[in-house]
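Enquirer: Residues per chain, in single letters:
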Amino acid sequence: MTPSARRWVARLYCALVFGFLMLPVAVVVLASFSTTAYLTIPPQGVTLRWYGRVLESADYLSAIGTSLLLASVATVCALVIGTATSYALVRRALPGKAVVSAVVMSPLIFPGVVIGVALLQFYAALGLAGSFAGLVLAHVVITVPYVVRTTLASLSGLDAQLEDAACTLGADRLTAFWKVTLPLMRPGIVAGGLFAFITSFDNVPVSIFLTGVGTTTLPVKIFTAIEFGVDPTVAAVSSLLILTTALALVLAERWVGFHRFT
Amino acid sequence: MPEPGRHSPGVHRRWDLAGLGLLSPLLLLLLFAFLLPIATLIPTSLRPYIAGTGIGEGLTLEHYVKALTDGFYLEIILRTVVLGLVVTLLTLVVGYPLAYVLARSTSRWRHWLMLLVVFPLLLNLVVRTFGWIALLARRGLVNQWLMGLGLTEEPVRLMFNFTGLLIGLTHIFLPFMVLVLVAVIQNIPREVEDAARTLGAGFWSVFMRVTLPLSVPGILSGSILVFVLTISALVTPRLLGGPTYKVMSTLIYEQFLQLLNWPAGSAMAVVMTLIVLALILLGTRLARRWEAQA
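Which chain is which? The protein sequence lines are Y and F, in order.
Residues are numbered in this note's numbering as their position in the first sequence, beginning at 1, plus a constant of 1449.
Residues are numbered in this note's numbering as their position in the second sequence, beginning at 1, plus a constant of 43.
Among these hints, one or two may not hold up.
[Unchecked claim] For each label pair, taking beta carbons as the anchor points, the in silico distance ranges come out as:
no., chain 1, residue 1, chain 2, residue 2, range
1, Y, Thr1617, F, Leu324, 43 to 49 Å
2, F, Phe250, Y, Asp1680, 37 to 43 Å
3, Y, Gln1493, F, Leu255, 48 to 54 Å
4, Y, Leu1692, F, Ala61, 40 to 46 Å
[Unchecked claim] If you want the ones that stay clear, here's a sample from chain F, every Cβ over 12 Å from chain Y, calculated:
no., residue
5, Leu79
6, Pro91
7, Ala94
8, Leu132
9, Ile267
10, Leu329
11, Ala330
12, Ala335
13, Gln336
Since the hints were made in silico from the structure, they are not lab data.
Just so you know, even glycine gets a beta-carbon here, dropped at the ideal spot from N, CA and C.
Take these sequences, add in the hints, and give me the full structure.
Expert: This is the structure we're talking about:
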């Protein structure tokens, strides 16, 4: 095979794999505009009715509200705790750093369903079952590793002497951190915040065991809706999620070069 | 004013305390909202289950014995592990060429292509699985196409079986594999490949004898990641497999939320955790051995 033929084979292959990756996404968007409950290609008719149905549904709106609030609170907590952790891991002489890092990162690979049932049982004993606070705690646990990972990446590329220089010039430790180190960590913090927000907003395997009446999150609501039977409002609300995710990703790339953190 | 001689160690210790102070919120959170709750699954898994009331008194190993000897449970565990292996192999075979092209690409579109890999990963899992339902259902698009092309008379069963889970899970975890592989292939210095080429090796020979062996650590960590994520996946197996075609995580889900048999569910969760931990340990060992050899 000549190099140029090989290049074309490579391009074709990539197009095929990307096609496979995007296929279900495209199908969901198409289904959301379809007049029939079961999607056909070509669609039998185009309608915005299902979007209207989502925006009229008190259930969906309250689930969206819960998810947004939960993801925001969890992200802010994860950012504060995660940045503090990275800072301590990089800049402080502490024993057992490797063990600490491993424990901090372990929720990333730990089965979500096990975390979910463990917390269900734990919260039931503590009277936290179905509470918003319980959901927040669980979501901070599963989102904080993302923040630690991205802020570690940002921080380890920084010269520790910058902060010392600020101190020499009269700033105290906190001011030096706030005015020098924190702004330089911005890309890692933004990327970590985005990962945390999306991870929290998307989570089902942990949330499904912890939500109660009035604290149902959007993905859990969609999940139960699908279990009851496919209906086109699911496609409409899913398409809204697809659009928001795509926008967030493009903005994050423009703002901090998101691809560097993947 | 402290004496000059004692100043320095005092400061040193105080800074270590500051470091510990910065770490403590996360360590406390992980202790009370992660490690301790998971550890509490062990005592629950040793309790007898009494229909109607739930958790009984006394200690018993019956849930573990059942999980490891009863045909029903064994089949589910075996199915989960086989599914994990096949999905890992598929994502590796499909993902490696893509990762290679992306890692070696000099195109100005490369960043956006990488983001196209990340996008499905960030997209809600339920949404992606819903797309597969629309495709794989009895009256779904794939069956419409197959019947439209005259390839089949009756709709083919693509959901509530191994095929459906395999397609859905491969789709979900392919981006993870690609991202891990891209990172590793990128770190292989091009000079090494160039040197082999200068010495007369062709493209495939360079690939098989230089690039592939050097990317083994990535293959290993990507495979472990995908395997662990596959055997613990809940949403996709539940939605594409339904209540009848069970895997370990959907069984745990049922036992906790529908049958309210927490002891048996806890036992299954402990078994799953042990499988995951064993694999991660094995993976780390293998990676270390490989690097020591290289």
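Enquirer: All hints, please: hold or fail.
Expert: Checked hints:
1. Thr1617(Y) - Leu324(F): 43 to 49 Å: Distance hint for Thr1617(Y), Leu324(F) holds at roughly 46 Å.
2. Phe250(F) - Asp1680(Y): 37 to 43 Å: Once the Cβ atoms are compared, 49 Å apart, the range 37 to 43 Å for Asp1680(Y) and Phe250(F) is violated.
3. Gln1493(Y) - Leu255(F): 48 to 54 Å: 49 Å, holds
4. Leu1692(Y) - Ala61(F): 40 to 46 Å: 44 Å, holds
5. Leu79: 7 Å, violated
6. Pro91: 16 Å, holds
7. Ala94: It holds; Ala94(F) is separated from chain Y by about 19 Å at its closest Cβ, greater than 12 Å.
8. Leu132: 16 Å, holds
9. Ile267: At about 8 Å from chain Y, Ile267(F) fails to clear the 12 Å cut-off, so the statement is violated.
10. Leu329: Check passes; 16 Å lies beyond 12 Å.
11. Ala330: 14 Å, holds
12. Ala335: 18 Å, holds
13. Gln336: Gln336(F) clear of chain Y: closest Cβ-Cβ about 23 Å, beyond 12 Å.
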